[in-house]
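**Student:** Whole structure, please, built from the sequences with the hints as guidance.
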Amino acid sequence: MLLRLYYNEKWCQDIIRIAMLRPTPILEEATPIMRIILRSLVTFYKSFALLSLIINVVCIAVIVKTEFRLFPLMFWFKATVMAIIFYFVNDYKQKEFYYYQNLGISKNTLWISTFGFDLVLFLLVNYLIYALG
Amino acid sequence: MTHILEADGIQLSFSNRKILSDIYIKCETGKVTGLLGRNGQGKTCLMQTIYGTLRPDIKSVRFDGVYINKPYRRSDLLAYVPQFNFIPPSLTIERVFNDFKLKVTGFEKIFPTFGSGIKSQLGNLSGGQRRLIELYVIITSKALFVMLDEPFSHLSPVQVEQVKALITEEKSNKGFLITDHMFRHVIDIADHTYLLANGKLNLTTSVEDLEYLGYAHF
Numbered sequence: 001m002l003l004r005l006y007y008n009e010k011w012c013q014d015i016i017r018i019a020m021l022r023p024t025p026i027l028e029e030a031t032p033i034m035r036i037i038l039r040s041l042v043t044f045y046k047s048f049a050l051l052s053l054i055i056n057v058v059c060i061a062v063i064v065k066t067e068f069r070l071f072p073l074m075f076w077f078k079a080t081v082m083a084i085i086f087y088f089v090n091d092y093k094q095k096e097f098y099y100y101q102n103l104g105i106s107k108n109t110l111w112i113s114t115f116g117f118d119l120v121l122f123l124l125v126n127y128l129i130y131a132l133g
Numbered sequence: 001m002t003h004i005l006e007a008d009g010i011q012l013s014f015s016n017r018k019i020l021s022d023i024y025i026k027c028e029t030g031k032v033t034g035l036l037g038r039n040g041q042g043k044t045c046l047m048q049t050i051y052g053t054l055r056p057d058i059k060s061v062r063f064d065g066v067y068i069n070k071p072y073r074r075s076d077l078l079a080y081v082p083q084f085n086f087i088p089p090s091l092t093i094e095r096v097f098n099d100f101k102l103k104v105t106g107f108e109k110i111f112p113t114f115g116s117g118i119k120s121q122l123g124n125l126s127g128g129q130r131r132l133i134e135l136y137v138i139i140t141s142k143a144l145f146v147m148l149d150e151p152f153s154h155l156s157p158v159q160v161e162q163v164k165a166l167i168t169e170e171k172s173n174k175g176f177l178i179t180d181h182m183f184r185h186v187i188d189i190a191d192h193t194y195l196l197a198n199g200k201l202n203l204t205t206s207v208e209d210l211e212y213l214g215y216a217h218f
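Line by line, the protein sequences are chains A and B.
Residue numbers for the first sequence, in this note's numbering: 1 to 133.
Residue numbers for the second sequence, in this note's numbering: 1 to 218.
Any given hint might turn out to be false.
Here are the computed lysine-lysine pairs in the DSS-like style, where the Cα-Cα straight-line distance is at most 30 Å [as the list claims (entries may be wrong)]:
(1) Lys142(B) / Lys93(A)
(2) Lys107(A) / Lys70(B)
(3) Lys46(A) / Lys142(B)
(4) Lys171(B) / Lys95(A)
Away from chain A, derived, C-beta distances all over 12 Å, residues of chain B [as the list claims (entries may be wrong)]:
(5) Cys45
(6) Arg62
(7) Ser116
(8) Leu155
(9) Gly199
Honestly, the hints are just simulated from the structure, not real lab data.
Please read these numbers as outputs of a predicted model, since none were measured by experiment.
Virtual Cβ for every residue (Gly too), placed ideally from N, Cα, C.
**Tutor:** Here is the structure:
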């Protein structure tokens, strides 16, 4: 409303021009920031990725062997192992969380992103096996 | 333009023992604020409370008068060096500098005798070298305010002087809150100093105040 009222004023057009210019540097900045965040998430994920991979392979092997009859059991086994991983990593990586926080990445972001990825990967592989075979 | 970080109204207690109760602390950009106190008085607790990683019963942390609940989520406002090594040991120096968008050349200019290549992993450095990297990346980070918990531990006397010079140089565009048991170094660079004793924060105006409050003998 205000914009319409003062649109022909020079000061208003100046503000619009500056506002239109602003996204360019923000977008330029956004890419390296996203890269830093993704790289940091990968670094954090590496701290338990191997264990998680082993659990995934074991669970999927059992699920395939039993023709998906034990899927619910294996899902809850996977969830329990993830809870144990959370407990131990949260403890022994306690000091390192300050590194990520100083980069603007909170503990919640680290956990939700890495666990989310891990769980989606697990479910996706199961779905692909189920759909293809 | 001067920016202000204030913290007050903090009530922190552990199993009926009051750690922090009568607190008012103010930091300004362009100034170094010292925080002294004997062991167990709650200096680290106060810093963690300001940073937001420790949640007391009551607290108020404000930047330019605006209350921020979790300052650790705002790396542009506040950065924190804890008293222990916090950078993952698997990372290389180059990677850490890239993460903080810093140039290694700036670091080499200030610390010419550092002695390790940029491809070295943090875990392979000595305690002092590791501490120096941590201090440099946080002190020169983009944050408006920087809190340093025992920054001079593990450093050689020459390195301590270099870090002090770096803080003095960087304070032109940010504010510092520093605590360390090497209190002479803190007093040396601080524009004003607080003493934490019995849960209360006292703004000191001279070294005699520190002696009077039972912190040090001169």
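**Student:** None of the hints should be skipped; say for each whether it holds.
**Tutor:** A quick look at each hint next to the structure:
1. In summary, the hint linking lysine 142(B) to lysine 93(A) is supported, as the alpha carbons are separated by about 25 Å, within the 30 Å threshold.
2. As the CA atoms of lysine 107(A) and lysine 70(B) are separated by approximately 12 Å, the hinted pair is consistent with the 30 Å bound.
3. This hinted pair checks out: lysine 46(A) and lysine 142(B) have alpha carbons roughly 27 Å apart, not beyond 30 Å.
4. Annotation: proposed proximity of lysine 171(B) to lysine 95(A) holds, straight-line Cα distance about 26 Å (limit 30 Å).
5. Here cysteine 45(B) stays apart from chain A, with its beta-carbon at least about 15 Å from theirs, past the 12 Å limit.
6. At roughly 20 Å, the least C-beta separation between arginine 62(B) and chain A is larger than 12 Å, which holds for a residue marked as non-interface.
7. Distance check on serine 116(B): its Cβ is at least 19 Å (rounded) from any Cβ of chain A, clearing the 12 Å threshold; non-interface status holds.
8. No Cβ of chain A comes within 12 Å of the Cβ of leucine 155(B); the nearest lies about 19 Å off, and the non-interface call holds.
9. Annotated as non-interface, glycine 199(B) keeps its C-beta farther than 12 Å from every C-beta of chain A; the closest such distance is 25 Å.
The earlier numbered hints are all upheld by this structure, with none contradicted.
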